[in-house]
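**Student:** One letter stands for each residue in the lines below.
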Amino acid sequence: MSTSGVDLYTDVLDDPVDLEMEEVNIKLENQGTVSVSEDLLDDVLTAPVVPIHNFKQEMDDLALEADNNNEELGESARLKAELLSKQTQEGIPAGKTSQSTSVDNSTLGISFDPNKRNAIFIGNLTWWTTDVDLVQLLKENEFQEVKAIKFFENRANGQSKGFALIELKNEETAQEAVEKLKDCVIHGQIPVLAMASKTSAHQFEQRSREASDSKGGRGPMKAGQNTMKKSTEVKAFSAPTMFPPAGPIGLQTYAGLPPPPVLSATGPLIADPSQLLPPIPPHHVPPPGLTLAGLPPPVPQVSLHAGVLGGLGGTKGLAPHVNPAFFSGAQPHVEMFSQSAIAVAESNLGNYDSAIDTLRTAISLVKQSGPDSNGNQLVIESLYERMKDIEKRYHSRSSSSSRHRGHRHDRDRDRERKRDYERDSRRDRSRSPEDPRHRSYSDRYREKERYRH
Amino acid sequence: MARERECMVNLYPLANYTFGTKDPLYEKDNSVSARFQRMRDEYEKFGMRRTVEGVLLVHEHNLPHVLLLQIGTTFFKLPGGELQPGEDDGDGLKRILTETLGRTDGVLTEWETDDIVSNWWRPNFESPQYPYIPAHCTKPKEHKRLILVQLPEKALFAVPRNYKLVAAPLFELYDNAAGYGPVIAGLPLNLSRFTFIYI
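Order-wise, the sequence lines are chains A and B. Going by our numbering, the first residue of the first sequence is number 1, and it counts up by one from there. Going by our numbering, the first residue of the second sequence is number 454, and it counts up by one from there.
Calculated from the structure, these hints are not laboratory results. Take these hints with a grain of salt, some might be off.
In silico DSBU-like links for lysine-lysine, alpha-carbon gap of 35 Å or less [said to hold, decoys possible]:
(1) K180/A / K592/B
(2) K182/A / K594/B
(3) K180/A / K116/A
(4) K182/A / K530/B
A few chain B residues facing chain A, derived, Cβ under 10 Å [as the list claims (entries may be wrong)]:
(5) P538
(6) G539
(7) G543
(8) D544
(9) V570
(10) S571
(11) W574
(12) N577
(13) H589
(14) C590
(15) H596
(16) R598
(17) F647
Only a predicted model underlies this, so the values are computations on that prediction, with no experimental measurement involved. In this text, a Cβ means the ideal position worked out from N, Cα and C, and glycines have one as well.
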């Protein structure tokens, strides 16, 4: 993709929150045309769509860390690229490998079956409760045999969501554990227990989300917040107790003082979070990487020649893990893709965020897709329309959604927003849209939060 | 009074280095799943995987550029790989760099590996890596260490035919995790502690 293409794109997606129709009037010229072999295309194209059929039924709004993420796809793209180059070098026409290396869900962190009869969920843990702590707790209660422990984590930063799946010896011991551990205290909190099931997984997920939402989860922490909730206040699935604090810790807080109730936030406050933000860096123009090898190759295997240094600007400036230039102007692809994106979004209506996400991803894909600006623009328009439509429907349903809090502030941080949006839209492609955690704007929200730390 | 220590690093222009090719060097794993399966298997046998990667710098127009291996059009990685059980970081990195970029005529390249640039941990057999160990994690599955490799004034690198070697300017990597992943995109921050001398 050409530098200007990238730049253009960032400019255009100025304010993703208030997507206006005029944004559709972007110039699509100048987007680099990189022809990518079909199977690379397949791989990435199907990524946002396929999982919906694959395990939507099972996981649905479960958000069980449907962990196929960008890294993964990047990885897969890499391996694929390598495979391709291997093939081309061996004189095998590239093309028919997509099945063999497409992303394998079993490796994506969902190897755990929440329906395992010998498994329990334990929740209401602090984020610093470790697997060793859990084993210890189980041992103390005479559950010696622990087959596996899987923590649920916030993918963006690795932080524990405060619940874990534990596999015990068998169903009886599991049931026993659910009973017995209810009266324990771990890191000052009373754990919440349930037999593992889709429903309970969903509840735990929901709960941790509520907790982080209501606390502003990862925001800067208020002094005095870093404490344990009084155990008497713990109620299964309702009280958002899991989050003692996830932000930077106020300096005086860690003294182990008795805890004020978390929500009251009576301690000295950290100053306005926005003051912790870094200054806005100057506008960034992704430049061409300097190629040693010369040749800006759509084709992988360009080798170096000794002593020959290609000029500047050989490769495309920005090199996303996942190549944005999938469509190379292939109108049928674009159309098909947008149709399936719309279908997916529609089927996801119950889940506003993933619906929007899907469309947003689709838009960015189409935008990057290259030269067929007229046809593509129409497609983009229809996608935007659909997105606005869904937004409208959603807003009429819930006007005070906490989800929108995240992007109303920090209006001045345009540049971050732009870039975040740009990235997200790339990244989201490889994320499974059915995972409600990956809401349309939550990624950006997370990114923003990150700047504060 | 204590004095802050400046880390000085000499950088030479890209033109000082020449690049040849050699036989392709393939990854051990053919797919993402195979990759994580092998990581699991090896974890059982040897414990946490230790990976080292080299940060090789040159300069152009007085701006540091990082040498990256490019596979296909969109994937970039630092030269590096897995250490043998018990192997020293620096020794292992030198071994791997020689395999990856060393000359084929037997002349050894001098790699200086004195400074750690960053550390990353993989808490699960999954792709996320973080520049810290999440608090609930007692057994990370991989520790990746990035090490600054100071290059000799001139050198010849032999690049496996299935890769390209590119020199990415820091501004290209900065704040660009979408393009390069968090590890490489973090390099401009990691490297800012060094004082570069452009020769």
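**Student:** Now look at each hint and say whether the structure bears it out.
**Tutor:** Against the structure, the hints:
About 27 Å separates the Cα atoms of K180/A and K592/B, which keeps this hinted pair within 35 Å; it holds. Distance restraint check for K182/A and K594/B: the Cα-Cα separation of roughly 31 Å lies within the 35 Å cut-off, and the hinted pair is therefore satisfied. Note on K180/A and K116/A: the hinted pairing holds, with a Cα-Cα distance of about 19 Å set against a maximum of 35 Å. Distance restraint check for K182/A and K530/B: the Cα-Cα separation of roughly 48 Å exceeds the 35 Å cut-off, and the hinted pair is therefore not satisfied.
Hint on P538/B is violated. Least Cβ distance to chain A is approximately 23 Å, over the 10 Å limit. Here the hint on G539/B is broken, as its CB sits about 25 Å from the closest CB of chain A, past 10 Å. This hint is violated: G543/B has a C-beta 26 Å from the nearest C-beta of chain A, more than the 10 Å allowed. Restraint check, D544/B versus chain A: the minimum CB separation of about 27 Å is more than 10 Å; hint violated.
Because the beta carbon of V570/B sits about 20 Å from the nearest beta carbon in chain A, more than 10 Å, this interface hint is broken. Given hint, S571/B at the interface with chain A, is violated; its Cβ is 15 Å from that chain's nearest Cβ, farther than 10 Å. Interface restraint check: W574/B against chain A, minimum CB-CB distance 8 Å, threshold 10 Å, status holds. With a cut of 10 Å, the hint placing N577/B at the interface with chain A holds, because the nearest CB-to-CB distance is about 6 Å.
Hint status for H589/B: holds, given a least beta-carbon distance of 4 Å to chain A, under 10 Å. For C590/B, the interface hint holds, since its Cβ comes within 10 Å of a Cβ in chain A; the closest pair sits about 7 Å apart. Hint on H596/B is violated. Least Cβ distance to chain A is approximately 14 Å, over the 10 Å limit. The closest approach between the C-beta of R598/B and any C-beta of chain A is roughly 18 Å, which is over the 10 Å cut-off, so the hint fails.
Nearest Cβ of chain A to the Cβ of F647/B: about 20 Å, over the 10 Å cut. The hint is violated.
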